[in-house]
Amino acid sequence: LAKTTQPISMDSYEGQEVNITCSHNNIATNDYITWYQQFPSQGPRFIIQGYKTKVTNEVASLFIPADRKSSTLSLPRVSLSDTAVYYCLVGVRSGAGSYQLTFGKGTKLSVIP
Amino acid sequence: EAQVTQNPRYLITVTGKKLTVTCSQNMNHEYMSWYRQDPGLGLRQIYYSMNVEVTDKGDVPEGYKVSRKEKRNFPLILESPSPNQTSLYFCASSLTPPGGAASGEQFFGPGTRLTVL
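So the protein lines, in turn, are chains A and B.
FYI, my numbering numbers position 86 of the first sequence as 86, with every residue one higher than the one before it.
To convert, take the position in the second sequence, counting from 1, and add 1000; that gives my numbering.
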């Protein structure tokens, strides 16, 4: 069972860049790394997904080093609306075509005015 | 509108009274999953289904049952609920298994808050 580790919480001021790192030491060769955002009383929402090096979309960037044992979600110029819990997700192949999924415990990001 | 729906959204019940939480998706997704969320523990997978009639255990399957008779529906069954199953439950679906392929984005339902007295 893959284990992921993230910081429990982070604070940031508006306009700053925020980097959240997730450790996943036993990630499998074919596993992708996915990040989700969750606001209170809502289901998680997909942010970004990557396999190696760097991925960027309109809301975030994902940096993955060559050994893939960690990944860093980067949120540029955060605003108050980015206050949420961010989860790192790594899949683990548990059988023929089956995937058991492990979410990290999440990082609560608080953006301060 | 593409979505995952869950019912009920809120439920208060008593120990031992069987209940079912329904989950339905309209995106023709093959992979569906149930999670529970508890303070300090994040999201933990209960059961998942790769396709119709194919289900498997997640991290915390004890006390739960699921079925996948149709592609769109994936109900969660608590045969004899206990207070430690008080939690916030989420159903999710994706086109392919998430985490293992580039297109495995999961879509989550709005959640079901269950209280077992």
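It should be emphasised that the hints constitute simulated quantities derived from the structure, not laboratory data.
There's no promise every hint is true.
[Claimed, not checked] Calculated cross-link-like contacts (lysine to any residue; reagent style SDA-like; alpha-carbon spacing at most 20 Å):
1. K108(A) with Q1037(B)
2. K1071(B) with L1095(B)
3. K69(A) with T5(A)
4. K105(A) with L1095(B)
Nothing here was measured: the structure is a model prediction, and the numbers come from that model.
Hints and how they fare:
1. Between K108(A) and Q1037(B) the CA atoms are separated by roughly 14 Å; this keeps the pair inside 20 Å, and the hint holds.
2. As the CA atoms of K1071(B) and L1095(B) are separated by approximately 11 Å, the hinted pair is consistent with the 20 Å bound.
3. Of the pairs offered as hints, the one joining K69(A) and T5(A) holds, with about 11 Å between alpha carbons and a cut-off of 20 Å not exceeded.
4. A C-alpha spacing of about 25 Å is found between K105(A) and L1095(B), which places the hinted pair above 20 Å, so the restraint is violated.
When the structure is compared with the earlier hints, a violation turns up for hint 4 alone.
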